[in-house]
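A.B. asks: Sequence lines, in order, name chains A and B. The numbering used here applies: residue 9 is where the first sequence begins, and numbers increase by one. The numbering used here applies: residue 9 is where the second sequence begins, and numbers increase by one.
Hints are computed from structural coordinates only; laboratory data are not their basis. Please note: incorrect hints may appear among the correct ones.
You can't tell identical chains apart in this list, so a pair holds if it fits in one copy or across any two.
[Claimed, not checked] Okay, derived cross-link-like pairs now, DSS-like style, lysine-lysine, Cα gap no bigger than 27 angstroms in a straight line:
id	residue 1	residue 2
1	K120	K139
2	K139	K208
3	K144	K110
4	K91	K120
Number of protein chains: 2
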Amino acid sequence: MLKAVQILGCSSGLTIISQRLTKSSSTVSFLSKSINPLKLSTSPRKTTTLCFNPTRMSTSSLPGSDPVPKSPTFVAGDVRKIKFCQWCGGPTKHEIPDGEEKLRAICTHCSKIAYQNPKMVVGCLIEHEEKVLLCKRNIQPSHGLWTLPAGYLEVGESAAEGAMRETWEEAGATVEVVSPFAQLDIPLIGQQTYVIFLAKLKNLDFAPGPESLECRLFALDEIPFDSLAFSSIYVTLNLYLEDLKKGTLKFHYGTINKRPGSSPSDIRAFSLDYHLQP
Amino acid sequence: MLKAVQILGCSSGLTIISQRLTKSSSTVSFLSKSINPLKLSTSPRKTTTLCFNPTRMSTSSLPGSDPVPKSPTFVAGDVRKIKFCQWCGGPTKHEIPDGEEKLRAICTHCSKIAYQNPKMVVGCLIEHEEKVLLCKRNIQPSHGLWTLPAGYLEVGESAAEGAMRETWEEAGATVEVVSPFAQLDIPLIGQQTYVIFLAKLKNLDFAPGPESLECRLFALDEIPFDSLAFSSIYVTLNLYLEDLKKGTLKFHYGTINKRPGSSPSDIRAFSLDYHLQP
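Just chain A, same shape as in the assembly:
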C-alpha cells in the first residue's frame, strides 16, 4: 500500500522534546558497536522486567531514569493539529475530558472526541534456503535503501493477513506466515509498533511492486546492514541472526528509542530497551 510506506519510519518534521533515558541494566544496545552485526557479541540478550512506579506517572518517565516532565510541546501526534470534527465539521476545543488525563480534541458542536492512537506496521521476515528477502525502496523516506516488506495494518484484516498483503504488494511474493517473531514499539517517533512475522516463500515468483526498485534474496552474511532503511529493520535482522546463532528462534518484544538529536537517517542511533521474551 503506497501511503503506508510513504510515511513508514518518517521522523523528519517531528519535534521530540521528551527525552527517554534508558535503564542501563535492561538495555540491549546496538549503538554502532560493530559494522558487522554478526559480530555483535557484546550485546547482552538478557530478558528483563519493566517496572511501573505510579509516583512517576508520566509516560515519558521510567523507574531507574531521571524523571522527565510531560512536555506540552510534544509534537508527535499533536492533538492541537485537529481543528475540526471529522464527523460533523464543527470546530474543536482542546481540553482534558472528565475522567481522562490527556489533552484531546473535542467537538464544540457534537461533543465527540477525536482520539489518536499508535499505528501497527506489519511485515514479513521471509526465509528461503538460508537467505532472507529484502526490498529496495522506491519511495521516500529512505529511497534506495533496503527493508523488509511491511506497511500499515488496515481495518478488517489481522496482523498476519496485513503482513502477507504488504509482502504481495511490495515484493509480489506469495508467502506462508509461520510464526510471530517480533513486536518493536517506536513510541516517540512516528508512534508506530512493528509486528514482524517469520514467513516462507510458497514459490520463487517474486518481483518488485511499484514501491520497490528491486527485491532480492540475501545470504545471511550478505545482508546490507549499511544500507538498511529503518532502525526497526536493523533490529529485526540482528535479532534474527543472533537467534540463528543460538540455534533457536524466539519471539522478541522491545522498545526502540532513537538517540535524542540524532538524524532520522542514522538508523543505528537508538537503544533497544526493555527487550522481553517469553
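Keeping the supplied structure of chain A fixed, place chain B upon it in accordance with the hints.
C.D. replies: Below, chain B without anything else, positioned relative to chain A:
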C-alpha cells in the same frame, strides 16, 4: 483511561456483512465445548501456518475458505462517516486514491487523506502466588463482568508502558511486566488487537479505580469463566491455563473471529483462527 474501556470490545451497532470462514485444519475453537475451560482437552493446540493467495486478494477471504466478496456495506470503521477534514475543515470525498486499493476519505480542499487503522488494546495478566488479578467492570459494555486490566494504547508510550498504566488506572496495582504473552487480533469487530503481557505485583496494594467495581485475586480453579467480559479475555485466560498445564508459558498469536450472527455478549461464540507460536 475511561474512554478506552467504554468502547473496548463493544460490537453493538456494527453491521458485519463480510463472513470469515475458518480453515478447519488450523482452527482452535473454544466454542462452548465445555463450561469449565480447564477441561478443554479437545482443543488441538496445533501450531499452523497462514497462507496468502494473491488470486484471492480480498482481506475477507483466506485460502481454504470459500471466497467472500468485498462488501461495500462493511460498516466497522466505515470511511463514509468521515465527512470533514479534521485539519482544515473542508468537506471530504470518498474515493480510492491513485496507487491504493481502499476507499478513503479525501479532503476536497487540502487533499489530505484521513486514514483509519486498527487500535491496540494493551493489558496485563498479573500472576501472584498461583492466582490472577481480575477487575469487575464499572462501565459499559459488560458492566459487572470480569476482565484483565487493559485499554487503548496512547501515543507516546510503548505497549508495555500502556499495559502498566492501564493496570494502575483500573486496579491501582503497581506491576512489573515480565514477558509478552499474547497478541490477539479481532479484525472484524471493533478493529482491535489485544497485546497482553504477563506481569507480577510489586506489592499487594491494589484497589479498584473508577472503572472497576472490584479487583480480586482468583485462584486458577476459581476464575469466573461464566462471568468474563470479552472473548479476548476468555481466550487469554484459557491459553494461560493450558500453558500452565503443559508446564511452559509461551507467546501466542491468533485471530478471534466472532461467530456470524452471534450476540456480542456471547463471549464463547468465536473461533480462534491461525493460532501461531514461535
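A.B. asks: Taking each numbered hint in turn, which are not upheld by the structure, reported in ascending numerical order?
C.D. replies: 1
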